[in-house]
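**Student:** Chain residues, written in single-letter form:
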Amino acid sequence: MSSLKIIWNVFAKDLRVEWRNRETLASMCVFGLLIVFLFNFAFETAHEENLRLLPAILWVAIAFAGVLGFNRSFASERENACLEGMTLAPVDPSMIFVGKMLANLFFLGIAEVVMGFAAALWFNVSFLPALGELILIAFFGTLGYAALGTIFGAIAANTRMREVMLTVLQFPIAFWILMLSIDATGNAMRGDPNGDWLGGVARVAGISLVFLVASFLLFEYVLEE
Amino acid sequence: MHPQDQITKPVLEVRNVTKFFGDLAALKEVSLAITRGESALLYGPNGAGKTTLLRMLASLARPSSGEILFDGRNIERDGTQAKAAIGFVSHATFLYGELTVRENLKFFGSLFGLSNLEKRIDTALDLFHMRSRSNVFARDLSRGLQQRTSLARAFLHEPDIVILDEPFTGLDSESVKNLESLMLRLPEQGKALLFSTHDFDQGAALARRLIVLRAGRVRYNGPLAGAPLDDLGIVRSAERVTDE
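The listed protein sequences derive, respectively, from chains P and V. Just so we're aligned, residue 1429 is where the first sequence starts under this note's numbering, counting upward by one. Just so we're aligned, residue -5 is where the second sequence starts under this note's numbering, counting upward by one.
Errors might be hidden in some of the hints.
[Claimed, not checked] Selected chain P positions facing chain V (Cβ under 7 Å, derived; list incomplete):
id : residue
1  : R1448
2  : N1508
3  : A1509
4  : C1510
5  : G1513
6  : L1516
7  : P1518
8  : V1519
9  : E1652
Because the hints were derived from the structure by calculation, they are not lab data. Given the structure is predicted, the values throughout are model-derived calculations rather than measurements. All C-beta atoms in this analysis are idealised placements derived from N, C-alpha and C, irrespective of residue type, glycine included.
Based on the sequences and whatever the hints tell you, model everything.
**Tutor:** Written out as structure tokens, the structure is:
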């Protein structure tokens, strides 16, 4: 069977499971909104300061909402050992990884749109002048982050303190994606005077693709006990 | 290949397999072979290593040392064909609670790349009398019905090798009879059957070969008829009743 079909089946299954229980997306959005709201409440700043703080606030919200989502994503796999059940099939485990990673990317992407709207409203900023750049940064940053979340989610799923383990495992490595994404988002929002927005996007894309490829190659070994 | 060779040549072969969990050796230099058309009962007390062995045969775990071959090929290096040929039922049901019985079978069937999937699903559901519950969510099923769905999943791709770890768990008497008759038919169809159960008499009625595991080692591997049950410490329930 074609790899694309396997990826689609895994992706569609995750969407269907989420549609039925509506746990992952709802908790990600609510948690992300809470973080953005709390920061907005804590910092009553001028417009210039908002532009400086908002990239970090948004990526912190994305990071924590993501962890919540990755944990939920593997909760349904953990129940009745479904992840193991998938590995009984004669398919490349990397295809299972891609399917699950795309589902995580999709859910986190929706949560980011919700958080983005709320942030624009509460912090009184507009993303429209740099929308194209921001979409690219958000896409590549989230891609790398979702790849790490998927592989570490699979590792943590088989540990006792799985919620804690995912955070402890993921953040030290995801730090690099988050740092570059915050920097690139800030430059794009402020309107980088050097016009180096493409360099920012390229750096986020580069590191995300490195983590994506590494996660893709290592997933097979993660599935083994 | 001569048809007779196909029957006598091992389809699954375990060679000097040892499995460690930390410092604990769950299996110690286990060697055995399964041929097509035979039914083997894997028997032993709790902690003997039965589940570990069956999981390794189903490619869910790797040996610490030794190798497992499917049709002469190491399944660690090339497990795709072995996976396509094996149907496995374990203690876990591998079912998504948020999907219906049919959706679960459809998902797993799609991973096997099966053609005529809807027809195969209907056949598997009929085999375990689950057609009327095909649109029920797996989470709403009782343990016994989940087990029947899990069995339907394992038989969906018509596997050549059927590996069942405690398959009667949670089943009512009618379902047990149904599964027993299915297991009896498998060797006649040229398929290999390897299963474990704690009820020796029930297992003995379904198998021709006995493999006894104790403390991770194979204590007996041969025909069930004439096996030295007393030496192996196996007490048949009829004798148990008489003793009491």
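**Student:** Could you run down the list of hints and mark each one as holding or not?
**Tutor:** Against the structure, the hints:
Hint status for P:R1448 relative to chain V: holds, with the closest Cβ pair at about 4 Å, below 7 Å. At about 5 Å, the closest approach between the beta carbon of P:N1508 and any beta carbon in chain V falls short of 7 Å, and the interface hint on this residue holds. Restraint check, P:A1509 versus chain V: the minimum CB separation of about 4 Å is within 7 Å; hint holds. Evaluation of the P:C1510 hint against chain V yields a held restraint, the C-beta minimum of about 6 Å falling below 7 Å.
The restraint placing P:G1513 at the interface with chain V holds, with a minimum CB-CB distance near 3 Å, inside the 7 Å limit. The restraint placing P:L1516 at the interface with chain V holds, with a minimum CB-CB distance near 6 Å, inside the 7 Å limit. Here the hint on P:P1518 is kept, as its CB sits about 4 Å from the closest CB of chain V, short of 7 Å. Here the hint on P:V1519 is kept, as its CB sits about 5 Å from the closest CB of chain V, short of 7 Å.
This hint holds: P:E1652 has a C-beta 6 Å from the nearest C-beta of chain V, less than the 7 Å allowed.
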